[in-house]
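Q: Here is what each chain is made of, one letter per residue.
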Amino acid sequence: MMNRRIMVAIAAIAGLSVLVACSKPASTEAPSAPEAAAPAAEEAILPTGLTAKEQIELRQAQLKKLGKAFKTISDQLKSGSPDVAAIQEAAASVPVESADMADWFPEGTGPDTGVKTDALPIIWEDRVDFEQKIADFRAASDTLAATAAGGDLAAIGAAFGDTGGTCKSCHQKFRADD
Amino acid sequence: MSADSSRVLVWDWAVRLFHWLAVLLFVLMWWTAENWIMDWHRRIGMMLVGLLTFRIVWGLIGPPSARFAAMFAGPGAILAHIRTLLSGGHKASAGHNPLGTLSVFAILAALCTQVGTGLFAVDVDGLESGPLARFVSFEAGRQAAEIHEISFNILLALVALHVVAIVSYLVFFKDNLVRPMVTGRRARADFDGAPVADNKASPLRVIVALVLAFAAMSAVWFAGGG
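In the order they appear, the protein sequences are chains A and B. Using numbering that gives the first Met the number 0, the first residue of the first sequence is number 0, and each one after it goes up by one. Using numbering that gives the first Met the number 0, the first residue of the second sequence is number 0, and each one after it goes up by one.
You may find that some hints are simply not true.
Calculated from the model, a selection of chain A residues having no Cβ within reach of chain B, i.e. all distances over 10 Å [to be verified]:
{"no.": "1", "residue": "A43"}
{"no.": "2", "residue": "I44"}
{"no.": "3", "residue": "L65"}
{"no.": "4", "residue": "K70"}
{"no.": "5", "residue": "D74"}
{"no.": "6", "residue": "S78"}
{"no.": "7", "residue": "Q87"}
{"no.": "8", "residue": "A98"}
{"no.": "9", "residue": "M100"}
{"no.": "10", "residue": "E124"}
{"no.": "11", "residue": "V127"}
{"no.": "12", "residue": "R137"}
{"no.": "13", "residue": "L152"}
{"no.": "14", "residue": "G163"}
Quick list of simulated restraints, FRET-style, between CB atoms [as the list claims (entries may be wrong)]:
{"no.": "15", "chain 1": "A", "residue 1": "A154", "chain 2": "B", "residue 2": "D38", "range": "17 to 23 Å"}
{"no.": "16", "chain 1": "B", "residue 1": "D38", "chain 2": "A", "residue 2": "A98", "range": "28 to 34 Å"}
{"no.": "17", "chain 1": "B", "residue 1": "L20", "chain 2": "A", "residue 2": "D161", "range": "32 to 38 Å"}
{"no.": "18", "chain 1": "A", "residue 1": "S168", "chain 2": "B", "residue 2": "I55", "range": "38 to 44 Å"}
{"no.": "19", "chain 1": "A", "residue 1": "A85", "chain 2": "B", "residue 2": "T182", "range": "51 to 57 Å"}
{"no.": "20", "chain 1": "A", "residue 1": "D128", "chain 2": "B", "residue 2": "A214", "range": "46 to 52 Å"}
{"no.": "21", "chain 1": "B", "residue 1": "F104", "chain 2": "A", "residue 2": "G107", "range": "25 to 31 Å"}
{"no.": "22", "chain 1": "A", "residue 1": "K172", "chain 2": "B", "residue 2": "S86", "range": "55 to 61 Å"}
{"no.": "23", "chain 1": "A", "residue 1": "V127", "chain 2": "B", "residue 2": "A214", "range": "53 to 59 Å"}
{"no.": "24", "chain 1": "A", "residue 1": "D125", "chain 2": "B", "residue 2": "L20", "range": "55 to 61 Å"}
{"no.": "25", "chain 1": "B", "residue 1": "W220", "chain 2": "A", "residue 2": "P110", "range": "38 to 44 Å"}
{"no.": "26", "chain 1": "A", "residue 1": "G160", "chain 2": "B", "residue 2": "R178", "range": "43 to 49 Å"}
{"no.": "27", "chain 1": "A", "residue 1": "K172", "chain 2": "B", "residue 2": "A186", "range": "56 to 62 Å"}
Calculated from the structure, these hints are not laboratory results. The model shown is predicted, which means the values in this text are computed figures rather than measured ones. Glycine included, C-beta positions come from ideal geometry on N, C-alpha and C.
I would like the entire structure built from these sequences, with the hints used as guidance.
A: Shown next, in the form of structure tokens:
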């Protein structure tokens, strides 16, 4: 009887430990050290005239605009009766909003600033490839805007896929998993 | 299916098929998400819409061991069950035991949350989204995706707990709960002569549940733009 009680207790503990191990979100692993050093790096003025924090928030806002434009295009492509004008407007906004994308990532705006960012340090270590990937995206989004203006939905779908591919190939290497 | 009087039906075939399809689709959803195979993630998610609808309807019109109302056990019954387990005693339950019922409701609720948020979720780049995401803003879609991720961790924990519980019953009480979920039956002797309700699935009711499941899938499919 006693033995069995102990065994059941062990089983319960094993169960709970599996529970805890599995439910621990991966994002809590960020070390707390950078946060202590944060205020200085966060407020440092960059050559762009912005603080690191402002620069990071600015690019996040820009990237969010791009995300919204892509959602508009993808929503319309999925709907039974796509609104071509909405696609054209969204597609045209992408090259405009992303014109100076390479400048959104000056030195000193990485994760070591203590500001929450998914930008990986490798952006500044492999700058040539990073800028190449931005150029690829810019070329694809120009094509997307031009294709959208043409109004051929099948072609727009293909150009949208190509543009999305350039997003992904850059994010894979230069952005932390969200 | 020959009726062997020494073995009694505890799970009807629809419940068993639901259970193992849910396992299969859960694994496939996890795998397609990890590998970012989003077109298949959406397709399988659509099947889950049908599967969950079927189970919910079956919980309302199915045989006793499948029904939600019959499963409900008060906190008293749950505590009594835990006390019995801790004292090393164990009695077979025809259907879900009081603790198992909690697990069923929790897993079903987590699955519904998972599928429900998935329908509206949008990825951070606005490139991939659930079939109903075009009815919500980018921000709302992102919010759905956040919940989708949190509820997956909860679901994973619940599944782990479920498996640990099944293994515990096998190891400590020599009670194999997997076999009845496959064959549907267990020895009548396990119930010490207590009567066991008739858990046979009525074909007509299965059809009703299937029609409703199909209707739910079609509704999402057409709303999503086909």
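Q: Does each hint hold? Answer for all of them.
A: Going down the list of hints, with the structure as the test:
1. Against the 10 Å criterion, A:A43 stays outside the reach of chain B, whose nearest CB is about 27 Å from its own CB.
2. Non-interface call for A:I44 relative to chain B: holds, since the shortest CB-CB distance, roughly 29 Å, exceeds 10 Å.
3. Non-interface status of A:L65 relative to chain B is broken: a Cβ of that chain comes within 10 Å, the nearest being about 7 Å off.
4. Under the 10 Å C-beta cut-off, the non-interface status given to A:K70 relative to chain B is violated; the minimum distance is some 4 Å.
5. With a least beta-carbon separation of about 4 Å from chain B, A:D74 fails to lie farther than 10 Å from that chain, contradicting its non-interface assignment.
6. Non-interface status of A:S78 relative to chain B is broken: a Cβ of that chain comes within 10 Å, the nearest being about 4 Å off.
7. Chain B leaves A:Q87 outside its interface by the beta-carbon criterion, the shortest separation being 17 Å against a cut-off of 10 Å.
8. Under the 10 Å C-beta cut-off, the non-interface status given to A:A98 relative to chain B holds; the minimum distance is some 19 Å.
9. Interface exclusion of A:M100 from chain B stands, the closest Cβ pair being 14 Å apart, more than 10 Å.
10. At the 10 Å boundary, the C-beta of A:E124 stays outside the reach of chain B, the nearest C-beta of that chain being 23 Å off.
11. The claim that A:V127 is not at the interface with chain B holds, since no C-beta of that chain comes within 10 Å of its own (minimum 23 Å).
12. At the 10 Å boundary, the C-beta of A:R137 stays outside the reach of chain B, the nearest C-beta of that chain being 16 Å off.
13. A:L152, annotated as away from the interface, keeps every beta carbon of chain B farther than 10 Å; the closest lies near 13 Å.
14. Distance to chain B contradicts A:G163 as a non-interface residue, since its nearest Cβ pair spans about 4 Å, not more than 10 Å.
15. For the hinted restraint 17 to 23 Å between A:A154 and B:D38, the CB-CB distance of approximately 20 Å keeps it satisfied.
16. Look at B:D38 against A:A98: about 32 Å separates their beta carbons, and that is inside 28 to 34 Å.
17. Taking 32 to 38 Å as the suggested C-beta distance range, the pair B:L20 and A:D161 conforms, at roughly 37 Å.
18. Roughly 42 Å separates the CB atoms of A:S168 and B:I55, a value that falls within the hinted 38 to 44 Å.
19. Taking the beta carbon of each, A:A85 and B:T182 are about 55 Å apart, inside 51 to 57 Å as hinted.
20. For the pair A:D128 and B:A214, the supplied restraint of 46 to 52 Å holds, since their beta-carbon distance comes to about 51 Å.
21. Distance hint check for B:F104 and A:G107: the Cβ-Cβ separation is about 52 Å, which falls outside the suggested range of 25 to 31 Å.
22. A hinted range of 55 to 61 Å for the beta carbons of A:K172 and B:S86 is consistent with their spacing of about 58 Å.
23. Between A:V127 and B:A214 the CB atoms are about 56 Å apart, so this pair conforms to the stated range of 53 to 59 Å.
24. Judged by the Cβ atoms, the range 55 to 61 Å given for A:D125 and B:L20 is violated: they are separated by roughly 46 Å.
25. Between B:W220 and A:P110 the beta carbon distance is about 42 Å. The supplied range of 38 to 44 Å therefore holds.
26. In this structure the hint that A:G160 and B:R178 lie 43 to 49 Å apart at CB holds, the actual value being about 48 Å.
27. Between A:K172 and B:A186 the CB atoms are about 59 Å apart, so this pair conforms to the stated range of 56 to 62 Å.
In this structure, the hints that do not hold are numbers 3, 4, 5, 6, 14, 21, 24, in rising order.
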